[in-house]
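Undergrad: For reference, the chains in residue letters:
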Amino acid sequence: MSAAIALYTALGIPLIAIGVANLQRSHRVPWIATLIADLGIIAVGIFVVLARPERAVAADNFRLDQLAGIMLLVIGSVAALASATSRAYLDHQLEGDPLTEEKRRLYWNLFNLFTLTMILAVVSNNLGITWIAVEATTVSTTFLVGFKRTPKSLEAAWKYAIICSFGLSVALLGVVVLYFGATKAGIPGSQALLINVLLRHASELNPDIVRIGIGLCIIGFGAKAGLVPFHTWLPDAHSQAPAPISAMMSGVLLSVASSVVLRVVELSTTILGPSYGRLLLLTIGILTMGIAALLIIGQTELKRMLAQSSMEQMGLVAIAIAINSELAIAALLLHIVVHGIAKSSAFITAGQMEETTGKHQIADIAGMLRTHPQIARGFILAVVALVALPPFGLFWSEAGIITATVQAGYLLPAILVVLLLLIASVGLVRAGLSLTISEPRNISNHITRPVGSSIPILVATLVAAVVGLLGTPTTHIITHVASNILQRV
Amino acid sequence: MNVLIQLCPALLLLTGILIAAFRDLRVQTSILRLQGIVLGLLPGLLAIEAHSVALAIAGVLELGIRGILLPGLLMRTVKRLPAEADPAQVRNTASSFLLSGLLSVIAYLAFLPLTRATHTTLAQSSFIGLALIFFGIQVLLVRRRAVGQIIGFLMIDNGIDAFGFLATLGVPFVLELGGSLDLVFVILILAILTNRMVIKFEGTDIDDLSALGER
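The listed protein sequences correspond, in order, to chains A and B.
In our numbering, each residue's number is its place in the first sequence (first place is 1) plus 985.
In our numbering, each residue's number is its place in the second sequence (first place is 1) plus 428.
Since the hints were made in silico from the structure, they are not lab data.
There may be inaccurate statements among the hints.
[As the list claims (entries may be wrong)] Listed below are the simulated DSSO-like cross-link pairs for lysine-lysine, each with C-alpha atoms no more than 30 Å apart in a straight line:
| # | chain 1 | residue 1 | chain 2 | residue 2 |
| --- | --- | --- | --- | --- |
| 1 | B | Lys507 | A | Lys1133 |
| 2 | B | Lys628 | A | Lys1088 |
| 3 | A | Lys1137 | A | Lys1169 |
| 4 | B | Lys507 | A | Lys1169 |
| 5 | A | Lys1344 | B | Lys507 |
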């Protein structure tokens, strides 16, 4: 299988699922089609990581390197987890709704469109196409965020659309400025946005122009990754969206945006040297982590807290991108994979808790282990994975990023990162204990019928643990991928 | 022809300042339509001068989307809204003009590294794109009505587009087409959300959207 076939397979699979969702009136078929499509994306991702087909496709507009492969793997895994649990969610949410058929069709259409746009964003080698794809993720998810049609979800959808689109306008300006710089350096217009071409002509580009363009791109695409200063949409959107969609947004959309930032930083490092992108992202990363940690500690709402924890993790990812050494990038890749799986598991179980009890506040849901032990156990597993206890992969990835930060000579930032991670972990553990082990406040409040099964969560957290336990094979693959990313052009 | 082309950036700046200064949503939308038409004329005129088919297509696309489609959609939304005045009107027109002037100077200074690298008058006026973006941000932050925010957002996008045409005679076709498509969808979504807001909150005051957030 060549790169072209892999590319068209990855892009074609969600399209087929969309077609099925529109042709079939049954509830089950679109669900199964989406699930199969997501498993197909995982297969393409594994193929790209292991077989490393030739990289450039379709006149260099697309590229299937190992970073794209790993991102496809994460997109497929999280989407599979989210779609597996979506059916139970929809059955519960749309019970007795007169518009249930339309809403179901809309849901599966947008779900697969969302997957498609994320795939497009990670396989693109053309900054223009990347921008279009990232903005299209906003287009496809806004109605999913507002899916419940409550005043709160409407508010979240509005803020999400306005803030993200504004952030991405900043990125678009950055892209146009880079295009301007590239054409000034004599690169023909049709190639002026191709990342590999820009890297090849690095020495001919005017650094003053590139500096403006790259800065705007990092801040703009950072908006979609939930980084400061455009982070305010994140807790609102992630807490109001249906749980499987929150899982997708927190588990993989943020990392897709981060992978775009990583590509921009590679450009920055080659053209401007390491210090510019590093200082910018180190500042943004620590600020994001700091704000998130402070918010988590005082948080009383379950899904908001998880969303803020994602924000914190993205801050850490930004720091890893800033350091940009082989260890940092290897740890970052592991982090993206394991965090994606662990956070989406946490969101899905949190959604099941909320649906089961009809409450959103941590104090109101308390005592799930007594009332619904199956859901509670899934949540405990997900939280244990998230607070980075060994053997879960996040322990190794966080340790790796912190070590890389110290190795690069940034001792104070590294200490800050450790402190902020600890603060956030305290918040998460406290909430986890209160949700599961403490006495239920009012047992009669809890609906007895649990919503959804916990099997997908068990499988997912098991994967998160195994990735950490495997040791050598995992390390071998990711360090290899990391060194490939750093030796680009 | 050259004079007409040189007139375009000036008209863009003027429409931007006026949109930021006016308060009535219908007037703002009408001026936004004018701005969109100028944005369509600019590549059209450049196409005639340079005999470029690509620029001509871009001109038609711009005129259709920014001059006709989006302002039309906005106007329909505005006409459907219940009559309500924008509550957050602390500034008067004179101070708005002053602020716009200041923002234009900042835009000029911020883009000096870029304009210095160019030689044509048109490219040297590309800072006007950034000025429009600043005006758009000003509208986005100050206006407390949903449609007012959409107008601000549209002006930001017009600014980026204007920068593209002034500095580099347009961006690659893929970005032009894909970017326009994304823009249309975003505005459509925002218009639909505005309608839902009218149903849920009986108005479009952004300050009604305050249930979420940290307490």
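Undergrad: Indicate, hint by hint, whether the structure satisfies it.
TA: Checked hints:
1. Lys507/B <-> Lys1133/A: holds, 27 Å
2. Lys628/B <-> Lys1088/A: Holds, because 19 Å separates the two Cα atoms, which is no more than 30 Å.
3. Lys1137/A <-> Lys1169/A: Not OK: Lys1137/A and Lys1169/A at ~48 Å, beyond 30 Å, violated.
4. Lys507/B <-> Lys1169/A: violated, 45 Å
5. Lys1344/A <-> Lys507/B: Violated, at roughly 39 Å.
In summary, the numbered hints that this structure violates are 3, 4 and 5.
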